[in-house]
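S.K.: Position chain B against the provided structure of chain A, taking the given hints into account.
Residue numbers (the numbering used here), protein chains in the order written: chain A, 1 to 371; chain B, 1001 to 1371.
Mixed in with the good hints there might be a few duds.
Result set (EDC-like, lysine to aspartate or glutamate): computed pairs, CA atoms no more than 16 Å apart in a straight line [said to hold, decoys possible]:
no., chain 1, residue 1, chain 2, residue 2
1, B, Lys1192, B, Asp1229
2, B, Lys1079, A, Asp237
3, A, Lys6, A, Asp237
4, A, Lys108, A, Glu119
5, B, Lys1079, A, Asp293
6, B, Lys1154, B, Asp1172
7, B, Lys1108, B, Asp1172
8, A, Lys79, B, Asp1293
9, A, Lys79, B, Asp1238
10, B, Lys1012, B, Glu1363
11, A, Lys192, A, Asp229
12, B, Lys1079, B, Glu1069
Rather than coming from a laboratory, the hints here were simulated on the basis of the structure.
There are 2 protein chains.
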Amino acid sequence: MLKYKKIKTSGKARRGQLITAHGTVELPTFMAVGTAGTVKAMSVEAIKRTGTQIVLGNTYHLMLRPSAERVADFGGLHKFMNWPGPILTDSGGFQVMSLSGLRKITEKGTTFQSHLSGEKFELTPERSIEIQHLLDADISMAFDECLPYPSPEKKVAESMRRSMRWAGRSKDAFRDRDGYGLFGIVQGGMIKDLRLESVKALKKIGFDGYAVGGLAVGEGQEKMFEVLDYTVPELPDDKPHYLMGVGRPSDIVGAVARGIDMFDCVMPSRSGRTGQAFTSHGVLNIRNSCYQDDHSPLDANCTCPACTHYTRGYLHHLFRCGEILGAMLMTEHNLRFYQNLMAKIREAIEADQMADFVAAFQEKYKDDRKM
Amino acid sequence: MLKYKKIKTSGKARRGQLITAHGTVELPTFMAVGTAGTVKAMSVEAIKRTGTQIVLGNTYHLMLRPSAERVADFGGLHKFMNWPGPILTDSGGFQVMSLSGLRKITEKGTTFQSHLSGEKFELTPERSIEIQHLLDADISMAFDECLPYPSPEKKVAESMRRSMRWAGRSKDAFRDRDGYGLFGIVQGGMIKDLRLESVKALKKIGFDGYAVGGLAVGEGQEKMFEVLDYTVPELPDDKPHYLMGVGRPSDIVGAVARGIDMFDCVMPSRSGRTGQAFTSHGVLNIRNSCYQDDHSPLDANCTCPACTHYTRGYLHHLFRCGEILGAMLMTEHNLRFYQNLMAKIREAIEADQMADFVAAFQEKYKDDRKM
Chain A
1 MLKYKKIKTS GKARRGQLIT AHGTVELPTF MAVGTAGTVK AMSVEAIKRT
51 GTQIVLGNTY HLMLRPSAER VADFGGLHKF MNWPGPILTD SGGFQVMSLS
101 GLRKITEKGT TFQSHLSGEK FELTPERSIE IQHLLDADIS MAFDECLPYP
151 SPEKKVAESM RRSMRWAGRS KDAFRDRDGY GLFGIVQGGM IKDLRLESVK
201 ALKKIGFDGY AVGGLAVGEG QEKMFEVLDY TVPELPDDKP HYLMGVGRPS
251 DIVGAVARGI DMFDCVMPSR SGRTGQAFTS HGVLNIRNSC YQDDHSPLDA
301 NCTCPACTHY TRGYLHHLFR CGEILGAMLM TEHNLRFYQN LMAKIREAIE
351 ADQMADFVAA FQEKYKDDRK M
Chain B
1001 MLKYKKIKTS GKARRGQLIT AHGTVELPTF MAVGTAGTVK AMSVEAIKRT
1051 GTQIVLGNTY HLMLRPSAER VADFGGLHKF MNWPGPILTD SGGFQVMSLS
1101 GLRKITEKGT TFQSHLSGEK FELTPERSIE IQHLLDADIS MAFDECLPYP
1151 SPEKKVAESM RRSMRWAGRS KDAFRDRDGY GLFGIVQGGM IKDLRLESVK
1201 ALKKIGFDGY AVGGLAVGEG QEKMFEVLDY TVPELPDDKP HYLMGVGRPS
1251 DIVGAVARGI DMFDCVMPSR SGRTGQAFTS HGVLNIRNSC YQDDHSPLDA
1301 NCTCPACTHY TRGYLHHLFR CGEILGAMLM TEHNLRFYQN LMAKIREAIE
1351 ADQMADFVAA FQEKYKDDRK M
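Excised from the complex, chain A in its bound form:
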């Protein structure tokens, strides 16, 4: 069981707290993606410095390497990776679809071949929940199927209904304990009736939190916001709302304004490794030769190590040479940018100025769609 406290609202935006076995998460929050038991290129010290409160682990990756049983032997994922704060794990469903080969879906679950070894694995709602239990996730996700976009309506409906049956089996398999919880995932593609049917099914089962899945799959921001506009108001108001795999800063700002509390995305960390930086003036790619002789900091408004101690010219040099320090500094900067954004969003809601915040953000930060 997880405790959720709503502190304040501003329009539909919610300032809340989620109390887990490994600490309290201030909402809205952005979760750093730590796929294989590490946020890529980041020491735990650096993760903490960014203001990150909660880390996401990927069931699919961890079940293949080093295996859930092994992580459990090491005392769970917190201990294994030396992260003392809360951890959310996904169910593995999304990566089975996007990464593995030769997968087969039945009512029971999925069988698939590891993208690493070709070895055959089975993932069912029961096994996914068991794995997440072995990993010691504070927040487990119900096992679901995430379809590619676009998919035919008939397929979306069938898949959503199976995911809802899997959600029920996930709930049955989940071992409830204080500070631990299970989230259900709304599916149904871009079809309003299916989304609402999905919400209804999940509410009937009852979860500690409600996620919106199947978005950020190429449908564009407008369609995504449209889905949120009719879906989020139907979610239980006394539980946290999580938009999975999202997103760009402007996606996050818009989704908070529509009642979302939690986010995760590889964008800040992956961009950090490829040289894309989020700054208070928009995105820039530090590999661009225009930065070769630039003596200014990456972002004069940022206090991260990259911006405090180095020039754009040095960061450009690191990326040009393929130096690991470039990925380290830039990932920390991008995560700091995201966490600073979340902190400002929380302040705006507390001051009941979310609408002003959204307007000012849209005015100032125009170009993150380019990413």
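M.R.: Below, chain B without anything else, positioned relative to chain A:
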């Protein structure tokens, strides 16, 4: 001009201090290799944590990327890479031989093609010293030629004599300032008469320190120690002695016992990136599957982050997944191991127990020749 202070000796081993424009270096010391303006996979914070006092920069790499003039524009290498301590730069000669294509050596210097762009460059004693000045190196190295081993005696003699003429031109080109200095490099292969002739030539020119070059090129530890046995006693006693590109822990211990004060080697950092760890019990490769379920720390006698917060099983997992954090943690561990070794060596000399230290080290740490 650099100040060298001899504090204490134990046999031929010397406990000293080298006072530079960017701080005092306690000798004997191991210099971390920061080829392209970064010690690979290490934040400056982490470099400092290891006890590293002085960093080495590579003239060849920095002249190609980002260029010496550019580093000077950024205020010198210390400022560019945010390393406040002393920096030694090599002359570029060694890398011209080992990395570049289509090189040509004349009395004037060398012309070569960049291994990166194919672009043609010239490096002469005068240009090498100018580059090192632009980089703002506390310690510059005379420009020399380093031959492959073995080379015919006639070639070794000719090359050494040319390097000695280049040493004279390096001295003429060097702009002396307080806290900055120039080291000469002894060449002459494995041939005693040539080594002694080289020492004589360098002493006649006069340098702030004396390096032994052309070793650790495949000749083996025995031959290397033989060269040191007859070379080091001829070096000025009131100047620091630097053994270039060395080496394994046992090389360092043996060389200090023969009167060497300074070392540099890519071994701890490169090994750190490939999974080789130096421990108090010898070397191990963390990729080995025997560590998959190992709950013990990398080295129970070490207090670095890798050994304090993680298991061998976790480090194994990081390397198996190709995670950057593996390289970060392991590089820091290896550099810490080297710096701890240097600290123990300094203590042993201070207590006049270097011979005992060497004996105990050889007894305990048997297998670093496997590396």
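S.K.: It remains to establish, for every hint, whether it holds in the given structure.
M.R.: Hint check:
no. : hint                    : result
1   : B:Lys1192 <-> B:Asp1229 : holds, 10 Å
2   : B:Lys1079 <-> A:Asp237  : violated, 53 Å
3   : A:Lys6 <-> A:Asp237     : holds, 9 Å
4   : A:Lys108 <-> A:Glu119   : violated, 19 Å
5   : B:Lys1079 <-> A:Asp293  : holds, 14 Å
6   : B:Lys1154 <-> B:Asp1172 : violated, 28 Å
7   : B:Lys1108 <-> B:Asp1172 : holds, 14 Å
8   : A:Lys79 <-> B:Asp1293   : holds, 14 Å
9   : A:Lys79 <-> B:Asp1238   : violated, 52 Å
10  : B:Lys1012 <-> B:Glu1363 : violated, 21 Å
11  : A:Lys192 <-> A:Asp229   : holds, 10 Å
12  : B:Lys1079 <-> B:Glu1069 : holds, 14 Å
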